[in-house]
Amino acid sequence: MRDLLLGLQEFYLLCIRATVGICRRPFYLRETIDQMDYAGAGSLFIVALVSLFIGMALSLQVAAELSTLGLKMYTGRVVGMAIIRELGPVATALVFAGRVGSGMTSELGSMVLGHQVDVLRVFGLDPVKRLVVPRLLSALVMLPVLTIVGDLIAIMGGYYIVVAVSHQSGSFYWSQIKDMLDFKNVFSGTVKPFIFGYIIACISCFMGLKTTGGARGLRRATTTAVVLSMVMIIVTDFLLTRILFYLLGMRV
Amino acid sequence: MIVFEDVHFGFNSKKVIDGISFEAAFYEKIAVLGGSGEGKTTLLKLILGLLRPDRGRILIDGRDITTLKESELVEVRKNFSIVFQEGALFDSMTVKDNVAFCLREFTSLSEEEIQQRVRELLRRVGIEEAEDLMPEELSGGMQRRVAIARSLAACEPKMILYDEPTTGLDPLTADTICGLINELSSGDPPNRRGLIIVTHKVTDATKVAERFMYLRNGRIAFDGDLQALRATQDEELKRFINEIL
Numbered sequence: 295m296r297d298l299l300l301g302l303q304e305f306y307l308l309c310i311r312a313t314v315g316i317c318r319r320p321f322y323l324r325e326t327i328d329q330m331d332y333a334g335a336g337s338l339f340i341v342a343l344v345s346l347f348i349g350m351a352l353s354l355q356v357a358a359e360l361s362t363l364g365l366k367m368y369t370g371r372v373v374g375m376a377i378i379r380e381l382g383p384v385a386t387a388l389v390f391a392g393r394v395g396s397g398m399t400s401e402l403g404s405m406v407l408g409h410q411v412d413v414l415r416v417f418g419l420d421p422v423k424r425l426v427v428p429r430l431l432s433a434l435v436m437l438p439v440l441t442i443v444g445d446l447i448a449i450m451g452g453y454y455i456v457v458a459v460s461h462q463s464g465s466f467y468w469s470q471i472k473d474m475l476d477f478k479n480v481f482s483g484t485v486k487p488f489i490f491g492y493i494i495a496c497i498s499c500f501m502g503l504k505t506t507g508g509a510r511g512l513r514r515a516t517t518t519a520v521v522l523s524m525v526m527i528i529v530t531d532f533l534l535t536r537i538l539f540y541l542l543g544m545r546v
Numbered sequence: 046m047i048v049f050e051d052v053h054f055g056f057n058s059k060k061v062i063d064g065i066s067f068e069a070a071f072y073e074k075i076a077v078l079g080g081s082g083e084g085k086t087t088l089l090k091l092i093l094g095l096l097r098p099d100r101g102r103i104l105i106d107g108r109d110i111t112t113l114k115e116s117e118l119v120e121v122r123k124n125f126s127i128v129f130q131e132g133a134l135f136d137s138m139t140v141k142d143n144v145a146f147c148l149r150e151f152t153s154l155s156e157e158e159i160q161q162r163v164r165e166l167l168r169r170v171g172i173e174e175a176e177d178l179m180p181e182e183l184s185g186g187m188q189r190r191v192a193i194a195r196s197l198a199a200c201e202p203k204m205i206l207y208d209e210p211t212t213g214l215d216p217l218t219a220d221t222i223c224g225l226i227n228e229l230s231s232g233d234p235p236n237r238r239g240l241i242i243v244t245h246k247v248t249d250a251t252k253v254a255e256r257f258m259y260l261r262n263g264r265i266a267f268d269g270d271l272q273a274l275r276a277t278q279d280e281e282l283k284r285f286i287n288e289i290l
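These protein sequence lines map, in sequence, to chains G and F. For what it's worth, the numbering used here labels the leading residue of the first sequence as 295, then goes sequentially. For what it's worth, the numbering used here labels the leading residue of the second sequence as 46, then goes sequentially.
Honestly, the hints are just simulated from the structure, not real lab data. Quick caveat, the model's predicted, so the values are computed rather than measured. We treat Cβ as the ideally placed atom computed from N, Cα and C, and that holds for glycine.
Beta-carbon label-pair distances, calculated as ranges: (1) 319(G) to 248(F): 45 to 53 Å; (2) 151(F) to 472(G): 53 to 61 Å; (3) 181(F) to 506(G): 20 to 28 Å; (4) 480(G) to 177(F): 46 to 54 Å; (5) 478(G) to 178(F): 49 to 57 Å; (6) 311(G) to 181(F): 28 to 36 Å; (7) 478(G) to 182(F): 49 to 57 Å.
The task is simple: from the sequences and hints, build the whole structure.
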């Protein structure tokens, strides 16, 4: 229990130091751009692929269910709402946690085990500022960007099913999607990835910097980081949805 | 001056350092000997303030570093440089960028001046041809030479700490590294750069050090010069240093 509380205290301290570090000099621009490239451009293909199939599968399910109620023409509305508000941010964040979060943990963990982090400290550099802040920034910027791209591709996947499989009107599908792009939905869909990015980067970097125990310890740290990130994404998604419903005046 | 006063340190419930006390001047050439897991690397990390002792005081130039904040330790660490086992090079950077790292971080030198200084340092450690290689393309000996060059680029340390610098190297390469270590700490005391080398390779230790400490069960079981080391009556230590007797 004592270890858990100490760990939590260290985690919150790291979160605070990293958040404050974003606004304080020195700024490691090159490192940040490298991380953004790895997190953003490097994840684009996998996010696109996952989003495409989620969009198509969702569209199939929704069209099939609505057709039994005679409401098949509203497939676009349901698909759009589900992707923009929920599935898009959550699915992209889960992919991001698996690909980028695990990379952050294993990279920082191997730097700890290889004494590279100690070398930074001996040189008088703050590992949080030098290593965590660029990764946090890259997650804060790139996860929302990837989510928007993923949403777009998922919606296009839904469009393909609606037109080619369900034989509905494509223009009606797009008009419903356009209706769904109001402030409430767009705001809700872009705030979530921002917060998910923060959670993934903080958990992954913390686990990486706390790595001990050689290769086995690195495996444990990476697995824990990914699992914790995924659980936190799902839990936070529910809490955020409740909060956003309240803030945006949406009723159940 | 480095002063350890009854320092204790452990990981979780395992005691690693169990009441160590000693004094060492910055110009001294010290070898810390001992078997695996006897706390040799921990000792170096305690000197640098990378680890905090559970009990006792560590004074560097009269300042108790056990109570200092991380930001205050920066000044203390300027006295030292460290070469870790395997080099601890930044594996995302080339050799050149590793050596230039501190120059870019802490100096206002132009890129041209930095490149010149990097070439000088690499020439000094004898691997100027490797400047564009990545760390994983280097042999163990080359990695350690790059680490030494990087540690010199950082500042002009009063003392260099070496963590197992010759472990895993063939005898010829180990000999080259020892030669380099001696060259960097050449001169007469007190006007020379000191060193603390942590190793279990006794022959290599005798090539570079003048004072020897032997760690056993977290305590200093021996502290003396080479002559006293060879004359020890401690049976376990005698077996440990068998190769130089």
